[in-house]
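Let the sequences and hints guide you as you build the complete structure.
Spelled out, the chains give:
Number of protein chains: 2
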Amino acid sequence: MPGACIGGMIGTSCSGTNAARYGTMRENVLGLTVVLADGTIVKTKQRPRKSAAGYNLTGLFIGSEGTLGIVTEATLRLNVKPKFENVAVVSFNTLGDAASTVAEIVQQGIAANALELLDDNMMKYVNESGEVTTKYEETPTLMLKLGGNSKEAAKLTTNTVKEICKRHKSNSFRFAETEEQKFELWNARKSALWSTIAHGKRTVDPDVQVWTTDVAVPMSQLAKSIEQTKAEIQAAGFEHSFVGHVGDGNYHALILFKNVPEQYNAAKKLVQSMVDRAIADEGTVTGEHGVGYGKRDYLVEESGEDAISLMRKLKLALDPNRILNPDKVFRIDPNEPEQEGH
Amino acid sequence: MPGACIGGMIGTSCSGTNAARYGTMRENVLGLTVVLADGTIVKTKQRPRKSAAGYNLTGLFIGSEGTLGIVTEATLRLNVKPKFENVAVVSFNTLGDAASTVAEIVQQGIAANALELLDDNMMKYVNESGEVTTKYEETPTLMLKLGGNSKEAAKLTTNTVKEICKRHKSNSFRFAETEEQKFELWNARKSALWSTIAHGKRTVDPDVQVWTTDVAVPMSQLAKSIEQTKAEIQAAGFEHSFVGHVGDGNYHALILFKNVPEQYNAAKKLVQSMVDRAIADEGTVTGEHGVGYGKRDYLVEESGEDAISLMRKLKLALDPNRILNPDKVFRIDPNEPEQEGH
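Read top to bottom, the protein sequences are chains D and F.
Here the first sequence stands for residues 1 to 342, numbered as in UniProt numbering.
Here the second sequence stands for residues 1 to 342, numbered as in UniProt numbering.
Treat the hints loosely; a few may be bogus.
[Stated by the list, open to error] Quick list of in silico lysine-lysine cross-link-like pairs, DSS-like style, CA-CA up to 30 angstroms:
#1 D/LYS182 x D/LYS155
#2 F/LYS124 x D/LYS81
#3 D/LYS169 x F/LYS83
Hints in this document: simulated from the structure, not taken from any laboratory.
Take a look at the structure:
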């Protein structure tokens, strides 16, 4: 994620386009130094690559959104970049075809370094953005990073993936030819949010708002989940785009709306529906954005009151005076009424 | 690990020969159903492949050795086995050469499916065991699983690894030719403990005891750590063997001793020294065996009193009556004197 800092990434258990291969922050932090609410300084772990010694304190602080302690140091795992990497752009007629392609790539155990899905609108906004020198087809598209330790290995993987794409009715399979094109292309993917806002400013309202939210579902539910969510947003008449880290079953909806209460409330309802669907599909209310204030009620829906009350016990054991980011993730007092805003 | 059950593996955050590629239980459990000390039943997560929703309860219970709740259900991640896999046996003159080979394989980002180190004694006990039809060289040895999605891909990886081994002065590089040989070979690795005990019964005492223990250290410290530990055990005159999941910097020492207090105490001192060395090398007192009663004091040494007191707070928040595996991992009362036994 452009602009993300390590501390914030630890706070939300962040991930992004490379998580399909390298994991999220949970898999990439070896140890933390944390200042607790009472001022105690704890080092959760030295730097072995694995450990079965004691409670997994590192894992408890990652994703706790600053509610359990303040992280002052982190030891990160280093991953090795593959020596050779191709970036491919594959266009499809339907989101379903693109999603089933990803499912087969994952099921075959092919270690793609990134598997990104962009919907028709997102491709349009990328074309409009001026960030790319080529025009791309404005249909559901996969952007793939396929690598290996030798040119031959990278080629082998690429050919296998190409065959899978064809079997799932891909329209075209194009490579970024040069290092510049690779950079340009991945950069276009990274600026999805800004391209979508730019489009909204031109076509919706100069003061356009964007509701950006994410869920993650089991791979088998992915195509259906995205298609139904997109159909609902479309039917409600909102401009929107979708991007997904689909190798992890994780996708984002970006809903553009005017800065008026009716539109805000309508957008909120669409998000609620997307989250309800993810929960019904045995997924999660957020794959990487975190809960904050905005998804506290959804978290209760996903995890149940008993799990939240367990989280509350942990919070109060570590921070009895509620001084660390109080009421983020869950309400400390379960009877507090819902607040406005997200 | 032969004989391991899923519940126990969750309890200790277990791993084994395949963890270098597929991770430990921490990376392979998606969600748990847990009965808490007060009878509440909590489901930590549905089954998305990733989630940033709420505290990482799944990760808290994994490796907590039954002290925080009783796991009654687990949802596991499924990994895809590579379609083609070679098993190779590579012998070296020194442990240092074998360990530096592993470091280079890991640094080059080669995804070996398993990287196992066996010392000269372990190879001898394997030969003696009657489990293998071929005799292996009785020198430090790597057993490797190298795979790929096509024959070509597996061959490419294998050739690269072969070159690395040669550069680090390997004496021989042999493949298991048939499926039977692969099975036999990996089976020999798996029965390391039984082969060592069998050797001890013949040569040390019919009532021989084995102290089996593990540590994990950063890769850069691995060769030195194993060599120094082995030298100490040898100097103390104990029969022993070493096996290591060296792709993770994790190794096991198996010390054979007679069932008399003097030998028990001497073995204990050697383990203490191995653990002290791991801590000094920024490692951990156990990579996969867990703490139990035996390594409670070592855990204090590794993590410090403040980290233990944080674990104690978590324990007492969830189990105020101390009914779940009390005093495992750490003493609930820090002033309780040390007990006998391990």
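Outcome of the hint check:
| no. | hint | in the structure |
| --- | --- | --- |
| 1 | D/LYS182 x D/LYS155 | 16 angstroms, holds |
| 2 | F/LYS124 x D/LYS81 | 39 angstroms, violated |
| 3 | D/LYS169 x F/LYS83 | 25 angstroms, holds |
Hint 2 alone, counting from the list given before, is not met by this structure.
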